[in-house]
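> The chain contents come next:
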Amino acid sequence: MVFSSSVFLIVFLPITLLAYFIVPARFIKARNSVLLAASLVFYGWGEPKYILIMIFSIVFNYVCGLAAGKNRSKAVLILCVVGNLALLGYFKYTDFVLETVNRLAEAGLALPGIALPIGISFYTFQTMSYVIDVYRGKVEAQRDIITFGTYVTLFPQLIAGPIVRYSDVAVMLVGRKTNLEQIAEGVRRFIIGFGKKVLLANQIYVVWMELSAMENLSVSAAWLGAVAFTFQIYFDFSGYSDMAIGLGKIFGFDYLENFNYPYISRSITEFWRRWHMSLSSWFKEYVYIPLGGNRKGLSRQLINISIVWILTGLWHGASWNFVMWGVYYGIILIIEKLGLLKVLKKCPAVVGHIYSLILIVIGWVIFAVDDMGKVAAYLGMMLGSSQVFTDDAFIYFFESRIWLLIACVIGSTPLPKIVCSIIAEKLEDREVLLGTIETVLFMGIFAFSMAFLVSGSYNPFLYFRF
Amino acid sequence: MKKRSLILISAAAAFILLLSIGTFVTPDVAFSPDENRYLTGKPELNTKNILDGSFEKRSEEYLSDQIIGRKKWVEFKGLTEAALGINDINGVYLCTEGRAVERVTESDFDRVNFEKNLRRTAEFTEICNEQGIKVHTMLVPTAAYVYADKLPDHALTFDEEGAFKQAEDMLEDGFIDIRNSLIAAKYNGEVYFKTDHHWTGKGARIGAAEFLAAAARPDQASLAEKEEMELLSSEFRGTLYSKVLLKTLGTDIIETSAHARAADIKVEIEGKEYDSLYFDEYLEQKDKYAVYFGGNYSEVNIKTGAARDGHKAEEKLLVIKDSFANSMIPFLLDDFSEITMVDTRFYRGDISRLAEDYDRVLLVYSVNNFAKEKIVFTGSLLK
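For the record, the sequence lines run as chains A and B.
First residue of the first sequence: 1, per our numbering; consecutive thereafter.
First residue of the second sequence: 1, per our numbering; consecutive thereafter.
The shape of chain B in the complex, shown without the other chains:
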């Protein structure tokens, strides 16, 4: 019996020592691009930290973040779950054809907040309309809705049909319903990334065309719809890939309006001016969707000086948005002389007052974010 015991004990001891020593001798990683967050560094050891419990808490986080082979462990777990037929890993559905889709169930979707935001939007729309400013609201459906046929069988989702119905009822003709166009277009190329929660350039192009059609510009809408695409990257692995870390998901391509790539515009972001909305350095990094504007800011201003077919665009557009708008803006450059984007997650000013300087306002949110954010239009807001 001795040998049998010895084999087991040695293996277990070796395993723990390997983990332990390995974790401490390998250098710490400061940033995890897959998670898009800074990892916890070494905790500081002193009496105060020990007594208030922060040393203990930090050490737990430090060891979890820096444990040797961390990414490999996570990949191993994802593979195990996938092999066991578990189709929802870390809040993501694994669908057919290597597609990942964000999982939003009834308990994730905050219906009360969704309704509050709709009510505030309706009030804001009314105030603007009185001043002659037209307001459009576009909610981007979830990928789970558009690709419902690709979801795992019986996968749980929230009542998105009901949410759109409610938006339509409350916002009336200010609401732009793009669901059918996206579903119709999905057979001619991806409208959502397979590895990221955003829509693709093609999806955003449909959003832009639908908006222009709603703004009573059928000509421009049909032009936008056909706008030529330029490939930016074919190596994109987005946020959903990061959540499951499964190589079986493959990679996505990022494409955008070829016309916008060459357009002569001025972009002002946080006091700095740029001559393009593309930040190509992000194409070399993990978070490639940030190629549009380099990410999200409270306010971005774009002067287009655009003309299409000799007609100088004169309208000024205010876009109130989340990150879904970033890839849609390139398709609108020719139709507005100036576009300002405000991101309600960061913007602290009074949006109603800001809107007075514009001819038209567009709200673009993924339906899921619209239920998550607290969107307030009047008064400066300290969130």
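For reference, chain A alone in the conformation it holds in the complex:
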């Protein structure tokens, strides 16, 4: 199930909230059971067999956690990591590996066509972090399997993150209270995320889709398409994180932030501190630092950075363009580390912004186009392979989507948040007025989003019904 669907919004969410809040807060186990049951339904929706994988994952890591907590055995830790990676590897990378072998060795191996269970990249990372942290003695093993299952399956962050570490929510899992302020904050975050996804990401995606389907784009049209994808992926992904964080708050969980205005960065190093923070910090904590991080000399550090970035690329998808994308960022980060960062700091801010944005946009082209030849062709068009600077495609989309583009630009900066907090401060003494203004604004976003969501299913046939 996804958040931006009718089933979620008008059936699943109201029923789950009702069932959850009917149970008094002091029966935390019962509340956890409601969440666990709801999350399993959410996860198995459309593909109930995946619930089995999920249950396996819960039981396996639960047992590993207990064992790791008892005797700190390295064998258990290795078993856990291998088990989780095997699960992820089998479902996510089998076809990719076989295809690559086929291409290199012309082996002609049949591809099994394994479907990827949604969210598996997220929850295997979550469960691994749990067992590793137990092994390290950072947290205690969770003895109650319902509580542990609630942590693994919690539907707000289940299918698209953030990657929540057990240590961050351990306390909340066994005792949490929700107050009105927290719920209201959750509602705000959810609506903002919903609006970002439906009103910005889905709409700007049209521009990328149309432009990337064309051949011989002018320079400006190729850039507009790439910029459109840049906005699309940000508002889609961060919108989803907002919805997850918002829903988490409603149920009494405080998740760490996952995005922090990545497009206002002044370097790529900074960008990766602001983009998908839960993933970068996961890799840092469980791969980079264990490999030695920066403590074993520069050359070793560079190797470590390379490993982390190849893995980061591969995590995003089983395809060579994702590996390329990871390598691309690995190289840029190494160059920045070797001195460019210092140069950028001395330059005026605008230089750093432009430098970062150009590299980010190019990065998204590598990410978005899943065929390396086509990536080269598209980047070629951005560099002027058509020898035309502008064309109708650019002018048409730029003019007709001008308000959408402006909204995307403003939405990528902290400006809306700053304006809202100024207004909130000014109206501090007039709570009802503030509440009313705020409600009108948020319900407006909600209503517009619903209109765009519902219209997605509206599909007139030009011809007679068959």
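One should not assume that every hint holds.
Pairs of lysine-lysine, DSBU-like flavour, derived with a Cα cap of 30 Å [said to hold, decoys possible]:
| # | chain 1 | residue 1 | chain 2 | residue 2 |
| --- | --- | --- | --- | --- |
| 1 | A | LYS426 | B | LYS3 |
| 2 | B | LYS3 | A | LYS417 |
| 3 | A | LYS337 | A | LYS284 |
| 4 | B | LYS3 | A | LYS374 |
Hints in this document: simulated from the structure, not taken from any laboratory.
In this text, all values refer to a predicted model and were calculated from it rather than measured experimentally.
Take the given structure of chain A and dock chain B to it, following the hints.
Chain B only, in chain A's frame:
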């Protein structure tokens, strides 16, 4: 802070509950005339359906189709987009003067298939010509081409000029190019509907006259050109309106040959015989273009027994077509003793063999459909 939170939470909860309860208490709608399709009904809840995922899929479709105020939401979205200056909504360009035009861009237009169809048509033409049967092919340009001056600035279209050039090169004198006549005529009344993707009665009349001229009948052509029109409806809101649901588009008029309305003909459709090609009951419904023949069928046969100025028409005509031909046939009743229409989207027989019984063959397609369909003339085809 409590009050502020309470206001927001209550409003959000009320909104979701309203949607939720409203959707379930309002009766389900079976058919959506605007979309011309049946909406999804309640999914059946049982273990098998849940396990194979069909219950989940159906429930999503059911809720999307039956959500309370569905049409209002779509209208609201269209208004928002239009207000923001977005001129292409749901595959339709919003033009000046309340005109909507179907949006066909380079990526929509299947050039490879277009060329394949042209090649097969050229082969078919040659085979027929050898048997003394004359074949004409008429491609109706898109409204975006004829009304190019009314499109939004810099609107994207496909290379229609190139497509027509290719048709002309491959079909030579079998090709009827009606582009200039349509463009010239558009200043004296609409040749395409403002809210539907079809041409109007006036547009179809030009098509008919051009065909008769190409068939070396200049007299009849000039007569057809002047044929008197009868108004059938002035309340038509067509497929393009349905796609955007914007009331600002206004309504269209449907008019047809007054002569054909009164003509004494026999129409056979799927084994049933009628004495008119007009199905007036459709004028009361949403899909008013279906007033011609009641829609599209694999095969329709019309016996005209026509005579104009005492001359009995003797030729038999086979029309291979899409829905654009439906409104054009009324202008040809006097010129052929018998007209058979086959719609290649439904017809499964061997068209080459069928053509042997006719004196003349006419292909009429909108250029866009001609690139979409797989048109095959020889051998029965299981598509």
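> Which hint numbers doesn't this structure obey?
When the structure is compared with the hints, only number 4 turns out to be violated.
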